[in-house]
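Enquirer: The task is simple: from the sequences and hints, build the whole structure.
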Amino acid sequence: MPATVWKGYLSFGLVSFPIRLFAAARPDAIHFHMLHKKDESRVKEVWFCAEENKRIEKSDIVKGYEYAKGKYIIVDDEELKKVAPPTATTMEILQFVKTDDVDPIYFEKSYYVAPEEATSKPYQLFRKALADTGYDAVAKVTMHGREHIVVIRTVDDGLVLHTVYFANELNEGNRRAALAANSAQRKWHWRSN
Amino acid sequence: MALAKQLIKSLAAPFQPKRYIDEYRKNVERLISQKRRGREVTPVDQPKPGKVVDIMDALKRSLENSAKPAKEASAKRARGRKRKAA
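Order-wise, the sequence lines are chains L and D.
So that you can map any letter, position 159 of the first sequence is 159 in the working numbering, and since no number is skipped, the others follow by simple counting.
So that you can map any letter, position 8 of the second sequence is 8 in the working numbering, and since no number is skipped, the others follow by simple counting.
These are computed hints drawn from the structure, not numbers from a lab.
With a straight-line Cα cutoff of 25 Å, these simulated PhoX-like cross-link-like pairs (lysine-lysine) come out:
#1 L:82 - D:26
#2 L:58 - L:82
#3 D:26 - L:63
#4 L:121 - D:60
#5 L:98 - D:9
#6 L:69 - D:35
#7 D:48 - L:121
#8 D:5 - L:128
#9 L:7 - L:121
#10 L:71 - D:35
#11 D:35 - L:58
#12 L:81 - D:26
#13 L:109 - D:18
#14 L:63 - D:35
#15 L:71 - D:26
#16 D:48 - L:81
Expert: This is how it looks when you write it as structure tokens:
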């Protein structure tokens, strides 16, 4: 079985069924190793404390949030787990949208949605209902330390999920700059003709 | 199946990305501010979804509950009003 990225329930009204997410793609860039120039041996990353001027172990490291210059609040994983929203374990459907309603500019990453049980009736019912009506589901899920809005759509016999950016994550400034450059260039073309 | 389709249509709306926020981020920010002020951290409960015995029954009840898809937006508005009144 492929590596599970997320495991939990998909909740559809009062119906909820167990699912798993598998990555749909991975970047395939050429990989280099870092070597010591002199003897071409592999180099290692070490954690270093500048205050004590010595090497420290990973187990000596904690997470700190800088709330003012040089001032930190220490937060551990247990505490973060305690404040994870309900969508950490249950993916909640927020609404349905017509297929193709979401601009692809929002799409971030893609995952396959697999039913947890070998024969998952609710999964197939959900998939067929989406396919027949021509709708995609918009849901919320917490994974990788943040909450994501996702679009779930049918593909062949299954479901595919795309994480989408929040509206405030789209680079509006760049969009305006790019479109302004485009219209300026068009004007110049018209004038030169 | 008809019930599932009906439920989809009852929650159908144009995609409005501005309606959604990252609640995890909001919770972590609250955790940090509570720790800073030496307050107790408010935990968030995880739902415990039970086994669905009767899909039809659950779908039927879902339909009865979901008159409006703008659940999140209306909840936010209600909170805002309360604050103004106080």
